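Protein chains: 2
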Amino acid sequence: MPETYAPLNPPRRLLMGPGPSPVEPRVYQAMTKPIVGHLDPYFFEVTGDVRSLLQEVFGTANEFTLAISGTGTSGMETAVSNFVESGSKVCVFANGYFCDRISEMVRRQGAEVARLEKPWGETFVDEEARKFILDEKPQVVAFVHAETSTGAVQEGKAICEAAHEVGALVIADTVTSLGNIPVNVDAAGIDIAYSCSQKGLACPPGLAPVTVSPRAVEWLRRRGTMNRSFYLDLKLLDEYLLSAHKYHHTAPISMFYALREALVIVHEEGLENRFRRIERNHKAFAAGIEAMGLRMHVEEGRRLYPLNTPCVPEGVDDAKVRARMLNEDGIEILGGFGPLAGKVWRIGIMGAGSTKENVLLLLESFQRALEAEGYRPAGNGRQAAEAFYAQA
Amino acid sequence: MPETYAPLNPPRRLLMGPGPSPVEPRVYQAMTKPIVGHLDPYFFEVTGDVRSLLQEVFGTANEFTLAISGTGTSGMETAVSNFVESGSKVCVFANGYFCDRISEMVRRQGAEVARLEKPWGETFVDEEARKFILDEKPQVVAFVHAETSTGAVQEGKAICEAAHEVGALVIADTVTSLGNIPVNVDAAGIDIAYSCSQKGLACPPGLAPVTVSPRAVEWLRRRGTMNRSFYLDLKLLDEYLLSAHKYHHTAPISMFYALREALVIVHEEGLENRFRRIERNHKAFAAGIEAMGLRMHVEEGRRLYPLNTPCVPEGVDDAKVRARMLNEDGIEILGGFGPLAGKVWRIGIMGAGSTKENVLLLLESFQRALEAEGYRPAGNGRQAAEAFYAQA
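In order, the protein sequence lines correspond to chains D and P.
Counted the way my numbering counts, the first sequence spans residues 627 to 1018.
Counted the way my numbering counts, the second sequence spans residues 627 to 1018.
Do not rely on the hints blindly, as some may be mistaken.
Copies of one chain are not kept apart here, so a pair can be met inside one copy or by any two copies together.
[Said to hold, decoys possible] Each computed DSS-like pair below joins lysine-lysine, with the alpha-carbon atoms no more than 25 Å apart:
#1 K946 to K744
#2 K969 to K659
#3 K872 to K946
#4 K982 to K872
#5 K659 to K872
#6 K659 to K946
#7 K861 to K909
#8 K757 to K861
#9 K757 to K909
#10 K872 to K969
#11 K872 to K783
#12 K757 to K715
#13 K909 to K715
#14 K744 to K982
#15 K783 to K763
Hints were generated in silico from the structure; no laboratory data involved.
Bear in mind the structure is a predicted one, so any value in this text is a computation, not a measurement.
Whole structure, please, built from the sequences with the hints as guidance.
Put into structure tokens, the structure is as follows:
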């Protein structure tokens, strides 16, 4: 063990990967506010604000809307452990990494998984989604609204309609969509949606927003078996955070301060403005990518604006490009993984990080790194993005 | 939903309850440092420091020492879900609330609980602990080293010896001991210990330190069944935080910064100095309590120095005393619960909050509130504590 430890001195990164995304100074400052106890009335004022602000961004009137004291993955496990019983059947729309993770969690609960498969980056059309659910007649259906591993958006309305026809509940992963693009929980008919704090909401990681429809709450109250998890048991979390304010665990107070501040920033910007900003910056980036002669992995119309997956051109080493951008410009982007390893980059232009300035910096750095690695771009990416901004 | 949200403005509390305890400015400042990605080499430097600093405070050479991305309760669930299989038998030493919580988690795993019961505030002597374990021959033994609900310390050495004789692993709850009193994981022979960030370590809540002995790691590698929890699966967490640095979840970076800073403060003070400080302030407080004619619930010799449980005197309403202290002096103490509801207060003099100044403030405020609620103290608590400090 060292005798002395150097002061914390993290490098300054421009976080343009799939998340965490850049955090605004106001949010960091919120974490310096003095903590109160986990049963202090002030803490419940904060959780009350977090609830109403999350309702807005989830697009829901669900009373049962809260933040779980863990990261996005704990949000996924909250959804699965509370709503999937041993022996039940779960339909999973499988077109990326996070669908696989849901499948694994379902199996760990001792439940059966039925999967409809597609290559990573594709999505399901209404008819095939509907047929799958009506054929399988599951108890639960799960889909990933915004696939962080591929950059594709899966719309949920047809899935929810078919699921409800067979009496199933619908779980939606909104980890990369919440605060970045409309989630519309109520309009789509989603029963359980979970997310994270560190992508569209631009807060540090550490909390998992979750919302539960009255139909799912009703199911939970009737559930005969016990959740294997005490920590993530929504019946107990309801009693702590939402209703009776009865002790369950010591919530991470500073993280709740940060999440409230981040949500207030979203509220102040206005959801429509925020979504428009993120779409516009995505389009400017895509214009730059195409000008360089690169191709986006996901077809137009199914793209997840905050998470861009340009394809790695023939002969270029994706990791070397990333390393150059990190080391020379302090810009973090990530690579693909699973079937997309070495084939795409994953570039986040999301939350507070989705700005014209960042798009231009990013394109410039990206092009420089590509050229250093031997790629000959068709044109100038930054200039194409500037031209897009000038006319849009 | 309100149109505008007021800026965060938490009341300033002197946190003298069972935790969270007061946080030093350096720790709050650590959370304002810019986050890096959850797979950034700098993040793994931080987790490396957290590991070596936790080894010191746990009193262990265990390589498998890390912080779980959740609160203390997630630490308990990590211990139980990883080491208790469905169908196995767990011996629980049951003398307070947190033993009950462990029992509940064990049952949720589908395992059998054998309990040796004592009234809340009492502890188990070596002979009876030993007999219980040898009679029951369990796969796992669990005890609470520092019972936050009662203020009693349960020593673990005899429990661990007997457990190892029958081939059982030992889980210890060190939530209120870590950083406050010696835990001595290796010397006691504890296999799995878990704790929290917000008590003896004086960090905000949000992380759960956990350490696992080589014997328990070996057991885990051979475990045939799957942990029901993906989020708390130590095999996966090892690959993320300790060994391969492979993605598992997005760790709460800012909380890790805070925990590292809090642990560096502990390291700088020195464990022996810290433990001596906390013992001394406990003794000064106890002198004050006795001078007022009050009684401590736990016998001398078994008392948990950081968590004091003076008995509520006949005819006094414990909640009214607490409310006065909170409203008039901004000091938070908590009441008892379960069998100790209305019978004791729970007063934390722990972590960074264990100072002479706080003890004197606390005794003064406590005495004033008691008198306002009709109690006639035998003498002056603050003066007795001052006399103790003058001679000690």
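Identical-chain pair category, K909 with K715, by Cα at 25 Å: For K909 and K715, neither the intra-copy (40 Å) nor the inter-copy (59 Å) Cα distance is at most 25 Å.
My question is about K946 and K744: at a cut-off of 25 Å on alpha-carbon distance, are they close within one copy, between copies, both, or neither? Close neither inside one copy (29 Å) nor across copies (63 Å); limit 25 Å.
Reference check for the pair K982 and K872, CA-CA at most 25 Å: within, between, both, or neither? For K982 and K872, neither the intra-copy (46 Å) nor the inter-copy (32 Å) Cα distance is at most 25 Å.
As a check of your reading, is K659 near K946 (CA-CA no more than 25 Å) within one copy, between copies, both or neither? The answer is neither: 41 Å in one copy and 28 Å across copies each exceed 25 Å.
Please sort K659 with K872 into within, between, both or neither, judging by C-alpha distance up to 25 Å. within (24 Å within a copy, 33 Å between copies)
Homo-oligomer pair classification [K909, K861; C-alpha up to 25 Å]: The answer is neither: 43 Å in one copy and 41 Å across copies each exceed 25 Å.
Between the shortest in-copy and the shortest cross-copy C-alpha distance, which are at most 25 Å for K872 and K783: within, between, both, or neither? neither (36 Å within a copy, 35 Å between copies)
At most 25 Å between C-alpha atoms: does K757 with K909 qualify within a copy, between copies, both, or neither? neither (34 Å within a copy, 72 Å between copies)
From the Cα coordinates, with 25 Å as the cut-off, is the pair K872 and K969 best called within, between, both, or neither? between (50 Å within a copy, 19 Å between copies)
Using 25 Å as the alpha-carbon threshold, which applies to K757 and K715: within, between, both, or neither? within (16 Å within a copy, 46 Å between copies)
How would you label the pair K757, K861 (within, between, both, or neither) given a Cα cut-off of 25 Å? neither (33 Å within a copy, 38 Å between copies)
Pop the pair K744 and K982 into one bin, within, between, both or neither, using alpha-carbon distances up to 25 Å. neither (34 Å within a copy, 65 Å between copies)
The earlier numbered hints that this structure contradicts are 1, 2, 4, 6, 7, 8, 9, 11, 13 and 14.
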